[in-house]
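Asks: The task is simple: from the sequences and hints, build the whole structure.
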Amino acid sequence: MVEEVDHESVYDGLLGGDDSQWAFGTDFEDPLAGVDTTLPDGVEGRALALYCIMLADDALVMSQRLSEWCSNAPDLEEDIALANIALDLLGQSRLLLARAAAADPSLVPALPEGSPIPAEDALAYFRSDREFRNVRLVEGPNGDFGQTIARLLLFSTWRLALFEKLAASRDKVLSAVAVKGVKEMTYHRDYAGRWFLTLARGTDESRRRVVGGLTEIWPLRAELFATHEVESLVAESTVGVDPATVADEVDVLLEQVFSLSGVERPDVAPLAGVRGETGRDGLHTEAHSRLLAELQVVARAHPMGQW
Amino acid sequence: MGSPVSVLDRARGLAASVTDPEMPMLTLEDLGVLRDVEVDGARVVVTITPTYSGCPAMATMRDDLVHRLHDHGFDDVAVKVSLDPAWSSDWITERGRQALADHGLSAPGPAPSLEGPVALTLIPRRRSLACPRCGSSEVELTSEFGPTACKALYRCTSCLEPFEHVKEI
Ligand SMILES: [Zn+2]
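Chains as they are written, first to last, in our numbering: chain C, 759 to 1065; chain Y, 427 to 595.
Simulated from the structure, these hints should not be mistaken for laboratory data.
Small disclaimer: the values here were computed from a predicted structure and weren't measured.
Do not take every clue at face value.
Stated by the list, open to error - Listed below are several chain C residues computed to face chain Y (Cβ distance under 8 Å; list not exhaustive):
1) Glu787
2) Ala831
3) Pro832
4) Glu835
5) Val937
6) Gly939
7) Val940
8) Trp976
9) Pro977
Virtual Cβ for every residue (Gly too), placed ideally from N, Cα, C.
Replies: The following block contains the structure:
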């Protein structure tokens, strides 16, 4: 028997009337549906929310940069790999923004009455650059593939070290996101480390590019280990991690990669903040605004949008 | 709808029959994503655990669970997320592994231990795999990342066919 198909609709033609196996048209779903988001004892909702936003913004902005490689990487396998890494980070960001919204709803930007946009999307698409708390390492342009690998190596080594400690957080959501993230980022760090080694020990040109890329991003390294007031607060109440406590471990791991690659640790001065402010305070470079414009333009044009 | 036990069994059976949108040879039960099914009065509560943080199939899985239960008379269905413990490829059942192999996909080996610091491995881990088409163990890794978050890409150097391997995580 031939199934009746409405030939007026392209979609019906594709589906044969059964839309159950298709991913479009699914409504927004709360990524923390049924998860216990009660605040742990002795933790201020605002501090926890700001901390979640910091970790979420690192992942969101890095994810946006990595996804720019889609269809532009040296070959199809690297296209797929970088898109996969971007997707893992986007997923971490979504959970962390949802956790932030539950911890302090007053931080979620107000949208028109009746807007179906969920809190984590409101945070991603309707905050200004000054409200983003990501470290500046993740916001600059990708540069070439060598520079992208150098940045991914530093970023994933740092974030994996943070998340290994964050797994012990007294906040059940943060702890769960960290345990999951460790598993995912193990693949990210290995990917970046292997490419770093391959490029550094490849041709003169590949070595020149990866070493040049490392030198380019190195001034933003120090900021990764500077403790922000919010990070001190959450570390004291054992729901978060003081990034200064992972500096030695990250150095040892990077040294392993550098020595096998025959690369010296760059000797360049850290990029200063402005009046003592850096990424964690909402102080960003010009590239960040352009990145946000592209990330946010569609959502901002449709504040009542349903995707 | 009969005694409470049979209602629960029916709801469980229905939820367990829903398949993964990206690997339809696997049910959500065989993938290890379906964690619990409870019946509370007229309401069915299904608990699932995401495979990867950014898994885009989660929303579809929820919709499919709700639709399947609605279609069989359960009007009030809630789908909850459980993040702890995190999903592990070890949760894929034996039946699931067989279904993967039957469809030309290579099933994961044991997931890495979560004890102690995570080792940096600059030389790709060697998995002892067999080509799902010809059975040869002469295979090589093309990429640790594949068409979905959970798969790596391999190539068989005997029959020269590419295949996908579900990653250990
Ligand atoms: Zn073969």
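Asks: If you take the shortest Cβ to Cβ gap from Trp976 of chain C to chain Y, is it below 8 Å?
Replies: violated (19 Å)
Asks: Would the hint on Ala831 of chain C be counted as holding, given a Cβ-Cβ threshold of 8 Å to chain Y?
Replies: violated (11 Å)
Asks: Given Val940 of chain C as an interface hint, is its Cβ closer than 8 Å to any Cβ of chain Y?
Replies: Hint holds; Val940 of chain C Cβ to chain Y Cβ min 6 Å, cut 8 Å.
Asks: Is the shortest C-beta separation between Gly939 of chain C and chain Y less than 8 Å?
Replies: holds (7 Å)
Asks: Does Pro977 of chain C pass the interface check with chain Y, least Cβ-Cβ distance below 8 Å?
Replies: Not OK, violated: Pro977 of chain C not within 8 Å of chain Y, min 24 Å.
Asks: Is the shortest C-beta separation between Glu835 of chain C and chain Y less than 8 Å?
Replies: holds (4 Å)
Asks: Using the nearest Cβ pair, does Pro832 of chain C come within less than 8 Å of chain Y?
Replies: violated (12 Å)
Asks: Holds or violated: the hint that Val937 of chain C contacts chain Y, with Cβ atoms closer than 8 Å.
Replies: holds (5 Å)
Asks: Given Glu787 of chain C was flagged as interface, is its beta-carbon under 8 Å from a beta-carbon of chain Y?
Replies: holds (5 Å)
When the structure is compared with the earlier hints, violations turn up for hints 2, 3, 8, 9 and for no others.
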